[in-house]
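Engineer: Based on the sequences and whatever the hints tell you, model everything.
Residue numbers (the numbering used here), protein chains in the order written: chain A, 1 to 111; chain B, 1001 to 1113.
If you're looking for bench data, these hints aren't it; they were derived computationally from the structure. Don't take every hint at face value.
Claimed, not checked - Subject to a maximum C-alpha distance of 30 Å in a straight line, what follows is the list of computed DSSO-like cross-link-like pairs (lysine-lysine):
(1) B:1013 - A:26
(2) B:1030 - A:37
(3) A:67 - A:26
(4) A:37 - A:59
(5) A:26 - A:68
(6) A:37 - A:50
(7) A:26 - A:50
(8) B:1030 - A:50
(9) B:1052 - A:26
(10) A:68 - A:50
(11) B:1013 - B:1052
(12) A:50 - A:67
(13) B:1013 - A:37
(14) B:1030 - B:1052
(15) A:26 - A:37
(16) B:1052 - A:50
Unchecked claim - Label-pair restraints from in silico Cβ distances:
(17) A:11 - B:1071: 40 to 50 Å
(18) A:29 - B:1067: 19 to 29 Å
(19) A:40 - B:1096: 17 to 27 Å
(20) A:74 - B:1018: 37 to 47 Å
(21) A:15 - B:1040: 24 to 34 Å
(22) A:40 - B:1073: 17 to 27 Å
(23) A:13 - B:1053: 44 to 54 Å
(24) A:29 - B:1030: 29 to 39 Å
(25) A:15 - B:1061: 45 to 55 Å
(26) B:1069 - A:7: 41 to 51 Å
(27) A:77 - B:1018: 28 to 38 Å
Built from N, CA and C at the ideal position, the CB exists for glycine as well.
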Amino acid sequence: QQPVQSPQAVILREGEDAVINCSSSKALYSVHWYRQKHGEAPVFLMILLKGGEQKGHDKISASFNEKKQQSSLYLTASQLSYSGTYFCGTEGVDTGNQFYFGTGTSLTVIP
Amino acid sequence: DAGVTQSPTHLIKTRGQQVTLRCSPISGHKSVSWYQQVLGQGPQFIFQYYEKEERGRGNFPDRFSARQFPNYSSELNVNALLLGDSALYLCASSLWGPNNEQFFGPGTRLTVL
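Structural biologist: Next up, the structure:
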């Protein structure tokens, strides 16, 4: 039931854009996105509830397609501070309050 | 305001021993969730507690147990430790369950020898 993320890793130059995808085999109630830097705890980025909404703040946004059980995270004009591992997190419609983190995407932004 | 706190920071145990990890949520948060994160992998859901009741359980053996106290702090207990239990144990608090923004503590690094 763990969501699958793609790509597994990506390297960007400052100012470039990236898209990280998250796909689940289960019907989803919500999708969260977190960023974790090495040696630190995950930090919440945003939550999307079923309804196909798109959210964003600053240059990071996300979309949620509940019919396909997929979410995408969009990072535009990447900054060095965006480096880290990105995880989607999902709560299923019928998974009994269980929360699953995705497989993770390592993102490295270089000057 | 204080964030989520966890204790201890690091712990070394031997196989077969028992361990108790502690977590204090952000003031006003009534839900605590526990996760296990093995090096190089994403966090794995262990438990969710809300208002002192277990509301969700992940695919972990019965050696893992937890409880939540009236002040909403929580303990995670692991019995009969195995080498494979070595991991970072993360606690996250939220207003209600993981379907709200979760705030993570710094974690407890458990090493089983």
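Engineer: Now tell me, hint by hint, if it's right for this structure.
Structural biologist: Consistency of the hints with the structure:
With a CA separation close to 37 Å, the supplied pair residue 1013 (chain B) and residue 26 (chain A) exceeds the 30 Å bound. Distance hint between residue 1030 (chain B) and residue 37 (chain A) is fulfilled; the C-alpha atoms sit about 27 Å from each other, no more than 30 Å. Proximity of residue 67 (chain A) to residue 26 (chain A) is assessed by CA-CA distance (about 10 Å); at most 30 Å being required, the pair is judged to hold. For the given pair, residue 37 (chain A) sits about 18 Å from residue 59 (chain A) by alpha-carbon distance, which is consistent with the 30 Å threshold.
Restraint check for residue 26 (chain A) and residue 68 (chain A): the C-alpha separation of about 9 Å stays at or below 30 Å, so the hint holds. Between the alpha carbons of residue 37 (chain A) and residue 50 (chain A) the distance comes to roughly 28 Å, so the proposed pair stays at or under 30 Å and holds. For the hint linking residue 26 (chain A) to residue 50 (chain A), the alpha-carbon distance of about 13 Å falls within 30 Å, and the restraint holds. For a cut-off of 30 Å, the pair hint linking residue 1030 (chain B) to residue 50 (chain A) stands: about 24 Å separates their Cα positions.
Pair hint residue 1052 (chain B) plus residue 26 (chain A) holds up; C-alpha atoms about 28 Å apart against a cutoff of 30 Å. Annotation: proposed proximity of residue 68 (chain A) to residue 50 (chain A) holds, straight-line Cα distance about 11 Å (limit 30 Å). For the suggested pair residue 1013 (chain B) and residue 1052 (chain B), the alpha carbons sit about 28 Å apart, so the restraint of at most 30 Å is met. For the given pair, residue 50 (chain A) sits about 9 Å from residue 67 (chain A) by alpha-carbon distance, which is consistent with the 30 Å threshold.
Using a Cα cut-off of 30 Å, the hinted pair residue 1013 (chain B) and residue 37 (chain A) holds, with the two alpha carbons roughly 27 Å apart. For the given pair, residue 1030 (chain B) sits about 8 Å from residue 1052 (chain B) by alpha-carbon distance, which is consistent with the 30 Å threshold. Of the supplied pair hints, the one linking residue 26 (chain A) and residue 37 (chain A) holds, its CA atoms being roughly 28 Å apart against a limit of 30 Å. For the suggested pair residue 1052 (chain B) and residue 50 (chain A), the alpha carbons sit about 28 Å apart, so the restraint of at most 30 Å is met.
The given range of 40 to 50 Å is respected by residue 11 (chain A) and residue 1071 (chain B), whose C-beta atoms sit roughly 45 Å from each other. Restraint check, residue 29 (chain A) to residue 1067 (chain B): a C-beta distance of roughly 26 Å satisfies the suggested window 19 to 29 Å. Residue 40 (chain A) and residue 1096 (chain B) have their C-beta atoms about 25 Å apart, which keeps the hinted 17 to 27 Å range intact. The hinted window of 37 to 47 Å between residue 74 (chain A) and residue 1018 (chain B) holds, with their beta carbons roughly 46 Å apart.
Between residue 15 (chain A) and residue 1040 (chain B) the beta carbon distance is about 29 Å. The supplied range of 24 to 34 Å therefore holds. Hint check: residue 40 (chain A) to residue 1073 (chain B), Cβ distance near 22 Å, so the stated range 17 to 27 Å holds. The hinted window of 44 to 54 Å between residue 13 (chain A) and residue 1053 (chain B) holds, with their beta carbons roughly 49 Å apart. Hint check: residue 29 (chain A) to residue 1030 (chain B), Cβ distance near 20 Å, so the stated range 29 to 39 Å is violated.
Against the hinted window of 45 to 55 Å, the Cβ-Cβ separation of residue 15 (chain A) and residue 1061 (chain B) comes to about 48 Å, which satisfies the hint. Under the hint 41 to 51 Å, the C-beta atoms of residue 1069 (chain B) and residue 7 (chain A), about 42 Å apart, fit the expected range. A C-beta distance of roughly 50 Å is found between residue 77 (chain A) and residue 1018 (chain B), which places it outside the suggested range of 28 to 38 Å.
Checked against the numbered hints listed earlier, the structure breaks hints 1, 24, 27; every other hint is satisfied.
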